[in-house]
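Trainee: Here are the chains, one letter per residue:
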Amino acid sequence: MYKKRNIWITLFLLPTIIIFVLIFAVPVVNVVYTSFFQWRGFKGAMSFVGIKNYVNAFKDASFRSGLTHTMFWVVLQGTVHVALGTIVALLLADRPKGWKFIRTSYMVPNMISGSAFAIILVNIFNPQIGLVNSVIRKLGFENFNHNWYFDGRTAFPTVTITWLLFAGLITILILAEIMSIPKTIYESADIEGATKFQQKIYITLPLLRNVIGTCVIIAATSMLKEFELVYLTTKGGPGDRTLSLPLYLYKTAFIENDYGYANMMGTVLIICGIICILIINKLFGLGKSDT
Amino acid sequence: MKRIIIKKIMACLLLVFLIVSAAGCSSKEVANNNNDKDSKKEPITITFPAFQVGVNSGAPVLKENIRLFNEKYGDEIKVIVEEIPGDQAYVDKMKILLSADDLPDLVYAGGYNLLDLAADNVELVDLTPYFEEDPKWKACFSEADLQFNSRNGKYYGIPEEKQPVGYFYNKELFAKAGLEGPANTWDEFFNQCETLKAAGITPLSMDTADSGWVSGLWLGSIVGTNGEVGNEFMNTYNVKDYDTEEFLEGITKLQKMFKEYTTVDAIGGKYENAANNFLSGKTAMMANGPWMIPDFSNPEKAPEGFAEKIGVAIYPDAGMYDAPMFGYFVASKDKEHADATVKLLKFLTNEEAQLRALNMIGRIPPSPQLELDEDTKENKPLLAKLIDLSHDAKYIYPNIQSAWYPNVVDRLSTDYPGLGMGDITPQEFIDRLNESANKNE
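The listed protein sequences correspond, in order, to chains A and B. The first sequence begins at 11 in our numbering and counts up by one. The second sequence begins at 27 in our numbering and counts up by one.
According to the in silico footprint, chain B covers these stretches of chain A (three or more CB under 8 Å from chain B):
id, region
1, 157-166
2, 239-250
When the alpha-carbon atoms are kept at most 25 Å apart in a straight line, the in silico SDA-like pairs for lysine to any residue are as follows:
id, chain 1, residue 1, chain 2, residue 2
3, B, K285, A, I139
4, A, K69, B, E454
5, B, K162, B, Q395
6, B, K465, B, R177
7, B, K282, A, Q138
A short, non-exhaustive set of chain A residues, derived as facing chain B with CB atoms under 8 Å:
id, residue
8, R50
9, N136
10, P137
11, Q138
12, K261
13, F264
14, I265
15, E266
Hints listed in this document are in silico derivations from the structure and should not be mistaken for laboratory results. Glycine included, each C-beta is placed from N, C-alpha and C at the ideal position.
One chain only, chain A, in its complex shape:
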């Protein structure tokens, strides 16, 4: 009986496994393998260089900047971004007036394409005609024309808030989980005299552990592949102030044609992703029962 069921399970999983191996696993193995070669792409010969690409990376200031920024964004996204999304979800869970409108409008930045969003932001922060500077000028600072994206002092925070504040996806996921918590638990708490705030802290939040853990994984790992918004706003500049590792990987592959070195960065990103998932799994005890 079980044998027959296993055959069916295998048969149904087979297409997914084949697609996964061909589209994902083979390229990943190829990326890791070629990261040990000097390979200038195209038809050029590959020569084995061992860990030279990895050693060179740590002498490379641009790589260090890209890695540092990426990891900083991973941490910020996994903490501040998820916290913001959770707080908004907890507030909306009480269904205040207009909660559906807030839920939908908070989702808008997640729904429009990254490139369109980047162009909107570039215009909002434009030093001459941008909304931000115009508002500041209206407040009485007539000659204010700060270049948010390209002044070395503000470039990094300006790029960071491009995605940090827009946690609509996190809010939606957590809100859905809150809605599925049985009402009877809250009724019991009411009878026991627990305030709304206490109910959120001692009932809702612990029950959200799994979904918050999942959200942290989604948010943190999304930063490991963040490319579009940085490329379309600052292109990593000024200098390397906003360079991310995926953007440096792109430049190395397609502008410098150094595919071996670029694949080394790809490997580093894969390793970072695995470490992130393991740490988050451990912290949130994902997959473990609450009991």
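With chain A fixed as given, assemble chain B onto it according to the hints.
Mentor: Only chain B this time, still in chain A's reference frame:
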């Protein structure tokens, strides 16, 4: 029971009928196709991605050329034009296709050095036998242009235009500041900037995004007119050492231009920002090529009467961008496609096409035999003036975008903001360029 048997028989008959009629149809189609093949050969398909689309100034010419080509050769050659807006996006796409050994039949290197990258890695179509077959076509290009696009004694590419690049100035704004005309020396140029600034006029349009095209034109000219050494530096392709006195001087002056003489949106701004500032009369000078001239009289881009306010000049100390250019090359993989693509290439670049482009958008023909007639001179005074001025140029040099390594051009773009904001010194800027240049083999 009887009804079931009848139903089954009917189903079988229906199935047989369907099979027979389907087979009949397909055999009929095959027969028809065979007849068609006998009477008419299928057109050969060639691929041609282009960035001269949308708002690009070359778009109307390319559209017209393709229309005329289809009219004439549509039965034998089918051209698939893939539109890729933005030249940088086009170059990136070509590199990706090149890495997959899947270049299209016709590639336009334009202002970028894609030719060497392609020639080093894939087999390109040698145009020499086609030129031998058609000397009239070969005569449409100067020997300097042909040599520039040849490698190992074989012709691989041809340009579709000449690009003498000077700068434009707004005569009305100059007059407001009490200036009479363009500067003859760089010292005079910077004095003019001061005068314009004192009169409340922003002197220069500049940019940093993409390749920082406009700013790069100012920089290249400051260096390229700095004596023989500076000029030689600017005429060197794929420079690896930027640590020269002339280049340092150029970068220092460029930093001053960013800090004192341009708009606040220049740092981080694209070519479009620089162009809009000039076209709306916010800035007094903009370095750019003759392809911008039609914009001056385009009511969608500039106010009415703007064209009359504009003058053209070569750079101070008699400098001008007028070096041979990279152009089209053919990357077809078989003779049949190569022949068809060369036919298209001829159509796009022969004397007739060059004249068409000149009349439609004022593109300067690469042919040494073509000269502007009186009508054209009268209708396109700025273009005629630019060509006239080009005879006075003492220093000629290529633009940075086509002459330097792509990663150095990218580094310029990301480091101009730091330079302009004063976050890095000119020497630090140079050190970074050297670092990038030396990553190339």
